Amino acid sequence: MEATSPTLRTPGFAGYVATVRALVRRSRNEILRVPGAAIPGVLAPTIFFIGLTSVFGSLTLLPGFDADRYQSFLIPVSLMQGAGFTGAATGVNLARDIEQGWFDRLLVSPAPRPVLLAGLVLSASLRALVPAVVLLVVGFSLGVSWPGLGGLLLAVALTMGTGTVAALYGVTLALRFKSQAAAPLMQAGMFILVLFTTAYAPMELLQDWLADIARINPMTDVVEAARQGFVGGSVSWGETWPALIALAAMIAVMASLALRGMRRTSY
Amino acid sequence: MIARLLLNLRVVAALGRRSVRQTFRRPQLFAPIIIFPLLLLAIQTGGAAGAVDLPGFPRVNGFLDFMLAGAMIQSTLLAGNSGGIALAVDIEMGFTDRLLAAPISRFAIVLGRLAGTAALGAFSALFFLAVGLVFGVQIEEGVLGAALMVAFVTLSAIAFGGLGAAIALRTGRASVVQGLFPLVFVILFLSSAFFPVGLMLEPAATVAEYNPLSFIVEGIRDPVISTLSGEAFWKALAAITAIAGLSLGLSGLALRRRLRTGG
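Heads up: the protein sequence lines correspond to chains A and B, in order. This note's numbering applies: residue 535 is where the first sequence begins, and numbers increase by one. This note's numbering applies: residue 410 is where the second sequence begins, and numbers increase by one.
Just so you know, these hints were derived from the structure itself, not from any lab. No experiment lies behind these values; they were computed from the predicted model shown. Quick reminder that beta carbons are idealized off the backbone N, C-alpha and C, glycines included.
Below, a sample of chain B positions facing chain A; criterion: calculated Cβ distance under 10 Å:
id: 1; residue: F445
id: 2; residue: L463
id: 3; residue: G465
id: 4; residue: G588
id: 5; residue: L599
id: 6; residue: F604
id: 7; residue: P612
Start from the sequences and build out the full structure, keeping to the hints where you can.
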């Protein structure tokens, strides 16, 4: 009897899509089966939004402040903050999977590393919609101006993009440290990226040192683009394209770092 | 009697030292106490500095003078929360059970944790004081005022640490204590930690006016922005005493319940 040697089949494109879908489904199940896991990512930006509006609301009285309502000015920052928390949570969850050995099982599967990364990141960008929806409902009920359909869709798309950046950053750190102890680093990184912008006031009213940082921080363009509908009531291409380029650049840099981490991870 | 007291003091000191070392070794415990309040202080000072020009804002040399007390109290609240998380982890891992079996006073276990939290409070006060002085804060009451700030922050750490310890002893679960993290910010935003009450929007302004945390913050802020007033001093001391009394009482009750029910 002739012995047959086992053949290793490489999954094709359909297999890759199925892998990504399975990882997204796993992430969705986590939200549905452990609702408490999503609460910090929703609660923190919502508390910050309501709290900061109550505390700093009278800043709009300052000459040069280009918004009538502080809640309209702040809502895009809170959306990005929510996406940042969600992305950081992806990193923490991956670190947990590494600690518990689940990620090792993923690595021995025939799925290529970029496909695994795509699954993790797509899950995060979709999960960023959870805090976004809550924040928008809370925001509109507290008097946030209607940004128009275009403004709203743009803000949601930029939120998902920021969620992607945050997830890639979280994954990079999780693969580097392989421990949930790196969680504060993941959260602090996104905290700095989102808030060292024109988060609290227009550029002209920031102190010089913060204005200098905000000018070179690519997230400033993203915040400003997401803000235009809420504050100005309309969306212009001139204010949108810098945000798209900034997001694309951040995603490209972080994705290459995350992929490098994935390739270096052995099993 | 005295020998027993000395033994318990040694236990409190040893557990306090362990608590401080634990915090500095674990980024999850250290970051909320120093890193996040420092980042928020920088962002708020740089972003909302123009607020000092608003009508009704107290006369200050700069916005950082006003914000320093808020950063200190934020750090202290989070130190209390981190202390509670660490105590709950000790309970989950069985370390507290081993202490309970030792021939020492049961309440010394709680006091040891609080001694550690107090030390962290003092460290945080000195750290933010140094940051403030480096970036140009002028303390109107001078050295005496600075010493009073450190004292208030340290005492506040004991008061807030007691609340964290009470919840840790009652639930025995680190995730529950960690879940209180957002609540810390609710309490902070509903106080005068970051802005004068008179310039806050309603209903937050009314809540902040009666929030005991506002009294504590004003007591810490007063020596920085003006000459020390007796009213701010006594209000801060009364608020700290009330919260400390409540939290230590709750800790005692939670410890007694844990000993009675075993969990």
